[in-house]
Amino acid sequence: MAKKILIVDDEQHVVDVVKMRLEVSGYEVIAAYDGQEGLRMARDEKPDLIILDVMLPKIDGYKICRMIKFDPKYKHTPIIMFTARAQESDMQLSKEVGADSYLTKPFEPKILMGKIKELLGE
Amino acid sequence: MKSENILNDIINEMNRMTVALDDTEPFIKWAVENALTVTCCDMCAIVLINLNNAAISYGFRKSCGNELKASFKNTVKTKLQDLSFFDSLNVYDLASYVSSDDPDERQMKDSAEMGQFVVKTLKHKETLIGYCIFAWTNGWEIASNKADLLSGYCDQLSPALNTIMGKAIIHNQSYLLEERKKSAEDERKKLSVIIDGMKEGLIIVDENNHIMTMNKSACEMLEFHNYTDARYAKEILADVLKYEQCADGHGEEDILITVPVVKTIHKSVSPIYDASKRMLGRALLLTDVTKEREFEQMKVDFVSIASHEFRTPITAIKEAISLVNEEMMGPLNDKQKKCLDIAMKDTERLADLVKDLFKISQIESGKIELKRSAIALAFVIREVVEKLRPKAEKKNIEIVHKIPQDIPGVFADPHQISSVLRNIMDNAIKFTPEGGRVTLDVGSRTLDVTPATSHVPRPTSHVVVSVTDTGPGITAEDQEKLFHKFSQLDSSIRRESTGAGLGLAIAKGIVEMHGGEIWIESEKGKGAAFKFTLPVYNSIEPR
Chain C
1 MAKKILIVDD EQHVVDVVKM RLEVSGYEVI AAYDGQEGLR MARDEKPDLI
51 ILDVMLPKID GYKICRMIKF DPKYKHTPII MFTARAQESD MQLSKEVGAD
101 SYLTKPFEPK ILMGKIKELL GE
Chain Y
1 MKSENILNDI INEMNRMTVA LDDTEPFIKW AVENALTVTC CDMCAIVLIN
51 LNNAAISYGF RKSCGNELKA SFKNTVKTKL QDLSFFDSLN VYDLASYVSS
101 DDPDERQMKD SAEMGQFVVK TLKHKETLIG YCIFAWTNGW EIASNKADLL
151 SGYCDQLSPA LNTIMGKAII HNQSYLLEER KKSAEDERKK LSVIIDGMKE
201 GLIIVDENNH IMTMNKSACE MLEFHNYTDA RYAKEILADV LKYEQCADGH
251 GEEDILITVP VVKTIHKSVS PIYDASKRML GRALLLTDVT KEREFEQMKV
301 DFVSIASHEF RTPITAIKEA ISLVNEEMMG PLNDKQKKCL DIAMKDTERL
351 ADLVKDLFKI SQIESGKIEL KRSAIALAFV IREVVEKLRP KAEKKNIEIV
401 HKIPQDIPGV FADPHQISSV LRNIMDNAIK FTPEGGRVTL DVGSRTLDVT
451 PATSHVPRPT SHVVVSVTDT GPGITAEDQE KLFHKFSQLD SSIRRESTGA
501 GLGLAIAKGI VEMHGGEIWI ESEKGKGAAF KFTLPVYNSI EPR
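Listed in order, the protein sequences are those of chains C and Y. So the first sequence is residues 1 to 122, counted in our numbering. So the second sequence is residues 1 to 543, counted in our numbering.
Don't read these hints as lab results, they were simulated from the structure. For each residue, glycine too, the CB sits at the ideal point set by N, CA and C. Incorrect hints may appear among the rest.
With a cut-off of at most 25 Å between alpha-carbon atoms, the simulated DSS-like pairs for lysine-lysine come out as follows [what the hints assert, rightly or not]:
{"id": "1", "chain 1": "Y", "residue 1": "K371", "chain 2": "C", "residue 2": "K95"}
{"id": "2", "chain 1": "Y", "residue 1": "K62", "chain 2": "Y", "residue 2": "K29"}
{"id": "3", "chain 1": "C", "residue 1": "K110", "chain 2": "Y", "residue 2": "K355"}
{"id": "4", "chain 1": "Y", "residue 1": "K355", "chain 2": "Y", "residue 2": "K391"}
{"id": "5", "chain 1": "C", "residue 1": "K110", "chain 2": "Y", "residue 2": "K394"}
{"id": "6", "chain 1": "Y", "residue 1": "K167", "chain 2": "Y", "residue 2": "K125"}
{"id": "7", "chain 1": "C", "residue 1": "K110", "chain 2": "C", "residue 2": "K19"}
{"id": "8", "chain 1": "C", "residue 1": "K58", "chain 2": "C", "residue 2": "K73"}
{"id": "9", "chain 1": "Y", "residue 1": "K387", "chain 2": "C", "residue 2": "K115"}
{"id": "10", "chain 1": "C", "residue 1": "K19", "chain 2": "Y", "residue 2": "K345"}
{"id": "11", "chain 1": "Y", "residue 1": "K367", "chain 2": "C", "residue 2": "K95"}
{"id": "12", "chain 1": "C", "residue 1": "K110", "chain 2": "Y", "residue 2": "K345"}
{"id": "13", "chain 1": "C", "residue 1": "K115", "chain 2": "Y", "residue 2": "K355"}
{"id": "14", "chain 1": "C", "residue 1": "K110", "chain 2": "Y", "residue 2": "K338"}
{"id": "15", "chain 1": "Y", "residue 1": "K395", "chain 2": "Y", "residue 2": "K524"}
{"id": "16", "chain 1": "Y", "residue 1": "K291", "chain 2": "Y", "residue 2": "K199"}
{"id": "17", "chain 1": "C", "residue 1": "K4", "chain 2": "C", "residue 2": "K73"}
{"id": "18", "chain 1": "Y", "residue 1": "K337", "chain 2": "C", "residue 2": "K110"}
{"id": "19", "chain 1": "Y", "residue 1": "K291", "chain 2": "Y", "residue 2": "K242"}
Where chain Y lies over chain C, by a calculated footprint (3+ residues, C-beta under 8 Å) [unchecked claim]:
{"id": "20", "region": "15 to 24"}
{"id": "21", "region": "106 to 114"}
The whole structure should be built from the sequences, with the hints applied where relevant.
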């Protein structure tokens, strides 16, 4: 059965293109466009991996990451933080909230795919 | 009238005059005219001697002819040269007076010639003051009853002249002093008008940091004029007057004032020295830079926000192109692929530009934090060289690197230094023609550096990294421009290069943040060497 990946990003076009690549690569992809929806789907849909944008409406990405990673029920779900900010402090914050990996926009497709495969143990 | 009485009258008059006058001229005029009256001589002269100068004032009877006057003057001068102690006396005529009438109604004939000649020395306490010279025309001579009068007159003249001359000197000097004081006062007033009219604030402190002068603008800038709380003034002044001295005593700093309004004052400190190079104090020039700093912040914020906003659409464009170009959406023909290659390349270029813009704004606003540690430069260099080797090989360029075994570790952020080196190497490869060579050298040198926290320079070792290419070289004029933002040289180079001209500005920013320097050594047509220094680990550690 195909692994399920959740993308949380308020940018429709970014979601669309990432979704396309992941689907072509054989994953099932679900998407949320704000923090609240993202958190709900992370809990209800039980994805195998989450790609999480930082700047999101309603609840920001770091908060969602922390809520998932500090919840024993969901903490095993790997999370890749996805941000347009390229400051050192962002990378540091991602680690602090328990994210498994970190990727800046614009990203290299090869690197994204590599990280997903690694985190899913493929 | 008896001669004693005449003399007494004259002495009284002389005393009155010495009290009343403080100038020699009216006194001498009086003395000359009286000499004629008292002695009934035809011509007389009073000579004042000062070193080898002799100033002569003449007196003549009203009926004295010009020929006779000239003859007397010559005789006086010849006589003076005979009397002088000096090889040559510097003689000059001070004045010539003619009595208002002939004292004894005796009219002189035109044919009159010089006759008797009497010279009396004027002395005051053994000091020669001058001479009094009396002359009669031929056929006349001093009357026997007038000889004593003449001597008595001269005896009285000496102390009176001495007093008057002394007074004149004092008067002259006090006049000069007054003049000098007045001109100093004028100068001071002029300076104070200039200082108070200055737009910039000026504070002058002495060597103990005590305020000597503070102009109007400084008071206004520091809000002293409408905020008179002493504690406030003390706090602000402490902030303004404190300074971290550099080696040459100069310093610059921004001061933030928050009450009653928020503003930024830029302070520039210059030492003041006297002629013997002793420091007298310092001049603090204050400029209100609130608007400038706000504008700079706005610029940084704008670049930061803009570069962030650009990233998201670039991400989507790049990924969309990749998906199609990788034929994930179906096979492509050659022309379609070529189009997408171009789109991809320029999207990447756009992404790099946004990244560079963001980085330069971070450097300029001091927001980049260096993660410094002792790093082995050889490792960083090898990594960069390996990364760039494929690019060099495409142009058949040989990369030569000579890294000595014993180069010391440097105190640096490996990630940032790697990006500096990559940028320089990348440029070198870009501008070197096919078949050329790029050489990487590492050396070291010792510098005298004055740390900000100390007044004493101490030697700091630096490692020098140089990248030499066999490219077209850079003129001295262009070398200056190269490290500025958005600087690219002539259009022939532009065609080949695709950078935005930010790379070297970023490299300069990073190297300088490390306490190093970056520069170019090049001549047009002879290749270029880009060099930068980094402080050696040991020299940074406290001893």
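Unmet hints by their number, sorted upward, for this structure = none
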